[in-house]
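K.L.:
Got chain W; can you put chain E on it based on the hints?
Order-wise, the sequence lines are chains W and E. The numbers in this note's numbering rise by one with no breaks, and the one at position 69 of the first sequence is 161. The numbers in this note's numbering rise by one with no breaks, and the one at position 220 of the second sequence is 555.
Be aware that a few hints might be false.
Stated by the list, open to error - The list that follows gives simulated cross-link-like pairs (lysine-lysine, DSSO-like), each with its CA atoms no further than 30 Å apart:
(1) Lys478(E) x Lys116(W)
(2) Lys624(E) x Lys139(W)
(3) Lys483(E) x Lys116(W)
(4) Lys617(E) x Lys117(W)
(5) Lys717(E) x Lys118(W)
(6) Lys618(E) x Lys139(W)
(7) Lys137(W) x Lys618(E)
(8) Lys618(E) x Lys118(W)
(9) Lys618(E) x Lys116(W)
(10) Lys624(E) x Lys118(W)
(11) Lys116(W) x Lys659(E)
(12) Lys234(W) x Lys706(E)
(13) Lys416(E) x Lys116(W)
(14) Lys247(W) x Lys617(E)
(15) Lys618(E) x Lys102(W)
(16) Lys241(W) x Lys363(E)
(17) Lys102(W) x Lys706(E)
(18) Lys127(W) x Lys624(E)
(19) Lys116(W) x Lys706(E)
(20) Lys247(W) x Lys677(E)
(21) Lys128(W) x Lys618(E)
(22) Lys677(E) x Lys116(W)
(23) Lys624(E) x Lys137(W)
(24) Lys706(E) x Lys247(W)
(25) Lys102(W) x Lys617(E)
(26) Lys117(W) x Lys618(E)
(27) Lys247(W) x Lys624(E)
(28) Lys241(W) x Lys706(E)
(29) Lys717(E) x Lys116(W)
(30) Lys714(E) x Lys118(W)
(31) Lys617(E) x Lys241(W)
(32) Lys714(E) x Lys117(W)
(33) Lys706(E) x Lys117(W)
(34) Lys128(W) x Lys624(E)
(35) Lys247(W) x Lys714(E)
(36) Lys706(E) x Lys139(W)
To be verified - Chain E stretches covered by chain W per the calculated footprint, using a threshold of three residues with CB under 8 Å from any CB of chain W:
(37) 354-360
(38) 367-373
(39) 623-637
No lab work stands behind these hints, which were simulated from the structure alone. Even for Gly, the Cβ is constructed at its ideal location relative to N, Cα and C.
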Amino acid sequence: MDEILEILEKDGRASLEDIAKLLKKKPEDVRKSIKKYEKEGAILKYKAVINRELVKDAEAEVRALIEVNLTPQKDLGFDRVAERIYSFPEVSSCYLVSGTYDLLIIVSGKDIQTVARFIAEKLSPMEHVKGVVTHFLLKKYKEDGVILKQQEDNKRIAISY
Amino acid sequence: MKNIIAKKVEQMQPSGIRAFFDLVLGMKDVISLGVGEPDFVTPWPIREAGIFSLEHGFTSYTSNKGLVKLRLSLKHFLKHKYGLEYSADEEMLITVGVSEGVDLVLRTILENGDKVIIPVPSYVSYGPVTELAGGIPVYLNTKEHDFKITPSELEKVIDKKTKAIILNYPTNPTGVSYTRRELEAINKVLLKHKVIVITDECYDELTYDFAHTAFATLSGAKENTVYLNGFSKSYAMTGWRIGWACGPKEIIAAMTKIHQYTIMCVPITSQMAACEALVSGKKAVEEMKREYIRRREFVVSELNRIGLICFMPEGAFYAFPSIKRSGMSSMEFSQALLKEQKVAVVPGTAFGASAEGYIRISYASSLENLKEALNRIEKFLKGRIK
Chain W
93 MDEILEILEK
103 DGRASLEDIA
113 KLLKKKPEDV
123 RKSIKKYEKE
133 GAILKYKAVI
143 NRELVKDAEA
153 EVRALIEVNL
163 TPQKDLGFDR
173 VAERIYSFPE
183 VSSCYLVSGT
193 YDLLIIVSGK
203 DIQTVARFIA
213 EKLSPMEHVK
223 GVVTHFLLKK
233 YKEDGVILKQ
243 QEDNKRIAIS
253 Y
Chain E
336 MKNIIAKKVE
346 QMQPSGIRAF
356 FDLVLGMKDV
366 ISLGVGEPDF
376 VTPWPIREAG
386 IFSLEHGFTS
396 YTSNKGLVKL
406 RLSLKHFLKH
416 KYGLEYSADE
426 EMLITVGVSE
436 GVDLVLRTIL
446 ENGDKVIIPV
456 PSYVSYGPVT
466 ELAGGIPVYL
476 NTKEHDFKIT
486 PSELEKVIDK
496 KTKAIILNYP
506 TNPTGVSYTR
516 RELEAINKVL
526 LKHKVIVITD
536 ECYDELTYDF
546 AHTAFATLSG
556 AKENTVYLNG
566 FSKSYAMTGW
576 RIGWACGPKE
586 IIAAMTKIHQ
596 YTIMCVPITS
606 QMAACEALVS
616 GKKAVEEMKR
626 EYIRRREFVV
636 SELNRIGLIC
646 FMPEGAFYAF
656 PSIKRSGMSS
666 MEFSQALLKE
676 QKVAVVPGTA
686 FGASAEGYIR
696 ISYASSLENL
706 KEALNRIEKF
716 LKGRIK
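Bound conformation, chain W alone (with noise of 0.2 Å):
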């Protein structure tokens, strides 16, 4: 993979100037770079990775990852009701896997009641929808590569040969 999308999958705030300085291009290259991925949709968007559990007047979310078996449709399999699953807003991951079931969504609310009136009145009815089976989170742990607790520091010693 190009490294300038390894350092901006690190850290998505990256500057021009750095990364230019770390690769040896010149700024205006990376820059052409960059815009030629967020083009192509490659880059699809930058944002922050936010530990909720530590913002004081986040609203309350609750989040469940839902197993949903799916009837195939011809022609089509599961795409078309696929993305009439992931297009609800309540929905912010949606995956097709093997296995017993066959869609892995995750859907987020700001209470259990809501989360529930989606699974109930949204999904469940929808036609070529068999059946799901809800797991409301716990606890993250770690999210994206993403580790959630607060890294101890470094305890290396300030000098050393």
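P.N.:
The following block gives chain E in isolation, referenced to the frame of chain W:
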């Protein structure tokens, strides 16, 4: 307390540097670019293997030479990586880091008065340990040749009492390394004069511009070389204290004798973790290396921009800029930088008087730290650079 401490030990202390180190350790909020170890922690699979071994009750001594499993893994690792073939049984010893390896080999081969060539600036232990073993260090100054050993300079310092040379590349503190061709030329001189080669290749994985050449792979060199390396730098395992020595079986057998009486064996936890490092560490090593390469670019270009002339180091994680334009000595520069801007670097003179006019900057530090430190150094240099 008079006459209690043996004279050769009493004379060992590198005086001025210790005081500077104490100064650094006593200060708060210092950004340190003076650290000689990776800023990564040991990759989790390796740490986990150590924990697993403890949980399963691996708490005993091992064979003096090291766990058979580890030596066999190492044998395959070296074969695969360098095409080097060492017998796990007779030509290999697991040591407490390269440090122990250096001590063992010097004590094994030196008679009183034998000379050991040490290219300088160098890592700090070679000279004192040579003296402890009864040898005489002969310092070969490399400064005039871009900190590289040249065959003709080497030839000049060899005489009848020359027993060995200690080669460390990529080099701490300069970051300099050698291509295969350069090493072949050096090897020719050493073979001609039958000088034993002790190589400390602990930064081998951190070679950036060309492939690292293990000295023992050079033509005719293997029978003449004690090859030392370790897990510290490549796998960010400094605190585990584990490395290896490979070489001719007579030398390894003799080293093992000292090792069995002084150390017995390397802690088993470290040995178990090292097994895992050889099996699964490759990816982590490559990731760390890529990160170091980028920081090297960053640090060297910034140093040159702010007025400290710095060559591009070929390996390790050190930059070795000249501070001569400041008109200060290495020690004055380092002390003033620490006091005024709270940035710690190591004065070049810590690695031998020949490195006056230079400082060692370690880029084994986060980009954020490096940026802030370089900003502060730039401020420090304002009005000082001529």
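K.L.:
Is the hinted pair Lys624(E) and Lys137(W) satisfied, with a Cα-Cα distance of at most 30 Å?
P.N.:
holds, 28 Å
K.L.:
Are there three or more residues in the segment 623-637 of chain E whose C-beta lies closer than 8 Å to some C-beta of chain W?
P.N.:
Contact hint for the segment 623-637 of chain E vs chain W: holds, 7 residues under 8 Å.
K.L.:
Lys416(E) and Lys116(W): Cα distance at most 30 Å?
P.N.:
It holds: about 29 Å lies between the C-alpha atoms, which stays within 30 Å.
K.L.:
Verify the proposed pairing of Lys677(E) with Lys116(W), using a straight-line Cα cut of 30 Å.
P.N.:
holds, 28 Å
K.L.:
Taken at face value, is the distance from the CA of Lys659(E) to the CA of Lys116(W) at most 30 Å?
P.N.:
With a Cα-Cα distance of about 26 Å, the restraint between Lys116(W) and Lys659(E) holds, given a limit of 30 Å.
K.L.:
Would the hint linking Lys717(E) and Lys118(W) be met if the CA-CA limit is 30 Å?
P.N.:
holds, 27 Å
K.L.:
Quick one, are Lys618(E) and Lys102(W) close enough, alpha carbons at most 30 Å?
P.N.:
holds, 17 Å
K.L.:
Hinted pair, alpha-carbon criterion (30 Å max): Lys116(W), Lys706(E). Please report holds or violated.
P.N.:
holds, 16 Å
K.L.:
Is it true that the CA of Lys483(E) sits at most 30 Å from the CA of Lys116(W)?
P.N.:
Answer holds: Lys483(E) to Lys116(W) is near 25 Å, not above 30 Å.
K.L.:
Keeping to a limit of 30 Å between CA atoms, is the pair of Lys717(E) and Lys116(W) held or broken?
P.N.:
Cα-Cα ~26 Å, so holds.
K.L.:
Are Lys618(E) and Lys118(W) close enough, with their CA atoms no more than 30 Å apart?
P.N.:
Distance ~29 Å between Lys618(E) and Lys118(W) Cα, so the pair holds.
K.L.:
Would the pair Lys714(E) and Lys118(W) pass a check requiring their Cα atoms to be no farther apart than 30 Å?
P.N.:
holds, 25 Å
The structure fails none of the hints (numbered hints given earlier).
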